[in-house]
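S.K.: So you can see what is in the structure, the chains are spelled out below.
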Amino acid sequence: AEWPPPAPIFSLPLPPLSHTPPPPPPPHPRCFRFRRRRQAAMKLLTHNLLSSRVRGVKGGFPLALQASEVKINNVDFNQEFIARMIPKMEWAALVGAAESIGHRNGLPQELDPGLESDTDFLQKVHHVLLEVEVVEGVLKCPESGREFPISKGIPNMLLTEDEV
Amino acid sequence: GRRTRAEALEGAVAPCGAKQRSYSGNAELSPPAVTWCRRADMAATSPTSVKLSKGQKKMLRKQVKAQHVLLKHDGIATVSGPTEHLVIANGGLGNGVSRQQLLEVLQKFGTVETLLMSPNKPHALVTFSTIQEAREAHKGLNGQDLKTNGSSQPITLYVNFVEKVVHEEIPPLSLPPGLLVIEEFISPECEKRLLAFANGSTNVTKENVRRSLKHRRVKHYGYEFRYDNNNVDKDKPLPGGLPEICGDILEQSMEKGYVKFKPDQLTINQYEPGQGIPPHIDTHSPFEDGIICLSLGAETVMDFKHPAGHSVPVMLPPRSLLVMTGECRYLWSHGITPRKFDVVPASEMPKTGIIGADVSNLTLNKRGTRTSFTFRKIRKKPCDCAYPEVCDSQIDCKCTNPTPSIPASDGDASKLEHKYVHDVYDEIACHFSDTRHTPWPKVVEFLKTLPDGALVADVGCGNGKYLGVNKDLFMIGCDRSKNLVDICREKQFEVFNCDGLLVPLRSGICDACISIAVVHHFSTEERRLSAVKEIVRLLRPGGKGLIYVWAMEQEHKKVKSKYLAERKGKCIQPQANCVKVQTGNDFSYINQDANKMDLTCLKQLPDVTKDSTVKQNNAKLPVHTNRTNFDSQDLLVPWHLRGVKSHHKADGVSALPPEVKEHAVYHRFYHVFSDGELENLCRGISNIRIVQSYYDQGNWCIIIEKC
Chain F
711 AEWPPPAPIF
721 SLPLPPLSHT
731 PPPPPPPHPR
741 CFRFRRRRQA
751 AMKLLTHNLL
761 SSRVRGVKGG
771 FPLALQASEV
781 KINNVDFNQE
791 FIARMIPKME
801 WAALVGAAES
811 IGHRNGLPQE
821 LDPGLESDTD
831 FLQKVHHVLL
841 EVEVVEGVLK
851 CPESGREFPI
861 SKGIPNMLLT
871 EDEV
Chain U
187 GRRTRAEALE
197 GAVAPCGAKQ
207 RSYSGNAELS
217 PPAVTWCRRA
227 DMAATSPTSV
237 KLSKGQKKML
247 RKQVKAQHVL
257 LKHDGIATVS
267 GPTEHLVIAN
277 GGLGNGVSRQ
287 QLLEVLQKFG
297 TVETLLMSPN
307 KPHALVTFST
317 IQEAREAHKG
327 LNGQDLKTNG
337 SSQPITLYVN
347 FVEKVVHEEI
357 PPLSLPPGLL
367 VIEEFISPEC
377 EKRLLAFANG
387 STNVTKENVR
397 RSLKHRRVKH
407 YGYEFRYDNN
417 NVDKDKPLPG
427 GLPEICGDIL
437 EQSMEKGYVK
447 FKPDQLTINQ
457 YEPGQGIPPH
467 IDTHSPFEDG
477 IICLSLGAET
487 VMDFKHPAGH
497 SVPVMLPPRS
507 LLVMTGECRY
517 LWSHGITPRK
527 FDVVPASEMP
537 KTGIIGADVS
547 NLTLNKRGTR
557 TSFTFRKIRK
567 KPCDCAYPEV
577 CDSQIDCKCT
587 NPTPSIPASD
597 GDASKLEHKY
607 VHDVYDEIAC
617 HFSDTRHTPW
627 PKVVEFLKTL
637 PDGALVADVG
647 CGNGKYLGVN
657 KDLFMIGCDR
667 SKNLVDICRE
677 KQFEVFNCDG
687 LLVPLRSGIC
697 DACISIAVVH
707 HFSTEERRLS
717 AVKEIVRLLR
727 PGGKGLIYVW
737 AMEQEHKKVK
747 SKYLAERKGK
757 CIQPQANCVK
767 VQTGNDFSYI
777 NQDANKMDLT
787 CLKQLPDVTK
797 DSTVKQNNAK
807 LPVHTNRTNF
817 DSQDLLVPWH
827 LRGVKSHHKA
837 DGVSALPPEV
847 KEHAVYHRFY
857 HVFSDGELEN
867 LCRGISNIRI
877 VQSYYDQGNW
887 CIIIEKC
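Chains as they are written, first to last, in our numbering: chain F, 711 to 874; chain U, 187 to 893.
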């Protein structure tokens, strides 16, 4: 099915160059320069790399994903980057995670090697990997059931003393 | 319609005594007492009809700026319509304007019903009895200058209308229990004699000392109080004992029952205007309960603070005796703010001597030179007071707060790191991040030589300094500190929270991995090895890792590292917060900050003695002096957090109570690596090879490759 184009919010700002001075102080109260802040959140690419380290857990991957707040971000498409990233991904886990938050974007269940050079396909993967972001949610360890919260886009994977 | 200049000048009121500044560029006009406010009003209503000169525009800008500042900082909303209430920006106690002075100026325009001046604010709120009076005041004062006794620069007032002036009734403060101030304890003649004694007894270099206005002067009798360890050498009394001239005072104090034991130690302090003493509790173990302090020469305000945070300012008039016993002596801290003016009640001083917070009754009082004679009785046995949390004798005995030592077990190591790494970084996150903005060149080089599209993990990413260096990489950062990770997230980096010994990433997934200034925070060799093994686990075969750790050797190949080289001045140079101590004929400067055992850092501060012996087991961790060479490999390095205002709203976790934030010293655990140690550590890992091992700006560095 056709996927809708991403809602144009704000594109990823360029990160600062090295050796530049620290960021400028907030604007003078007199000048009302409206500063838009894009709040970043956890990408599905990152989710595909996260695993549980609870004591006794053998695999701890993939972490089941639940999201109460998702946002879509506009990121420049880099075909080569996506093509290189796909082999690193656990494809089933990626599709599963995207599906669970309702952003599967038409990704196939199986990864067909022939699709590697298919630009349309790569764009779909790009969208899922880099443009879908989880702001609030929960990651659940498949073996222990332990839940790791995602809050303000930050997964908290810290374990307590007895879980270590 | 367009107003002529003449009309604009009509009805202008010349404020008496205030210097008039000529704003308009028109020389032919006599210096006008221009009604800039009127023009401002007009500008608001008919923006197109008035052509303002440069000076007028500037004045208008400043008035508008004042409005914004008031709104932003104090929530004071200005309105354009006339009311009886005005806010006078730049006319506050906080910027040196006294109540009397402002009142005098205001009363020329009418009856002042209320005048509120908050102690630290640079503005005042005034209510006139009629709107007309307020309008006159607005007209007459806006943009006008006021001369203050404090500075040679006149102050320009900016006036705006406000909706209303709210005067909150603040519940009265009570004196700290155990505090007494006895006024006129000695006669003026006695005061003169004592002052002559104090001034006469300081030695030849008095003239030089007087000129160095940064620190107060100190002299001890009976026993020397040492500022490096906040204690007294009880076995080394000073010859001569207490001066005879003090005999009467001591007799009187004992007779009246202010002290139980006859004091045998005297410290004379002399404070010039602008000098003070940081808040502290007089160390428990060297002195008995019952400390008396005689004030001479001038009055001052002393601030008493309870550990819970509330503060009570107390006036100490000259010739008064301050008595501190019980809770006041053992639990409350006392200090004198280094400033030239104190905020005091405008009307008569209340009997208790507490300076109330009634903003309708405060003004400024200029400080003079105050000399204090503090008498104390040396205590032989350890202290057994009822306040163990702030007691130096009892704090060592408590198991819950032992002096830290090199951990023997993994559990101990974890606890040590919690206290001296994790909690500290969460506390200092913002300040820390502000000081970590320049990525190190060789790390940047490493990142830039990686292929495009590489997946790179930064284990212990801190404030994300390296996460944006090469935008052709996909970098993921992780750190144990929630607050630091928050800061990274604000910068749009991909991050998560985790422990470096259990990184929750799949094995073999990273093309590269960096860990800069992280591994040295682990307190056992085992844990350090584990941390490196985690990094290796994350790498794919052929993947490269870069690790940086602090080196014990801060001087390499005869070149000092920046850490050493940037040391500000030498020991003998006076620095802020140094106290000049005279014992006999010697002077020395002791930096009070780094070692002061005040309330704020009691929970963190271990035994401050610089013990450089490092045995393998259960050796105490010494506290390092910043920007000096390392004496041992395992140590605590201070971080001085100075009430930094952060723009970052850290609603992250904080282990310490909220009041412990203004100025505190935090200690972080480090194991600094010796030459070859990092290499050896890596050699203990089988599936890697060492690509390069080098020294960079006080750090030992290694590049490893997974086989």
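Keep in mind the hints are simulated off the structure, nothing from the lab.
Predicted, not measured: the structure shown is a model, and the values here were computed from it.
Hints are not guaranteed to be accurate.
Stated by the list, open to error - Partner residues aside, some chain U positions facing chain F, computed with beta carbon under 8 angstroms:
no., residue
1, Glu377
2, Arg379
3, Gly427
4, Leu428
5, Ile431
6, Gly639
7, Val671
8, Arg675
9, Phe682
10, Asn683
Stated by the list, open to error - Taking CB as the label site, the calculated pair distances span:
no., chain 1, residue 1, chain 2, residue 2, range
11, F, Asn866, U, Asp596, 17 to 25 angstroms
12, U, Thr814, F, Glu800, 30 to 38 angstroms
13, F, Ser861, U, Gly870, 34 to 42 angstroms
14, U, His826, F, Ser861, 43 to 51 angstroms
15, U, His496, F, Glu809, 54 to 62 angstroms
16, U, Lys746, F, Asn866, 38 to 46 angstroms
Idealized CB from N, CA, C, for every residue including glycine.
S.K.: Out of the numbered hints, which ones does the structure contradict?
M.R.: Of the numbered hints given earlier, those the structure breaks are 1, 2, 3, 4, 5, 12, 14, listed in rising order.
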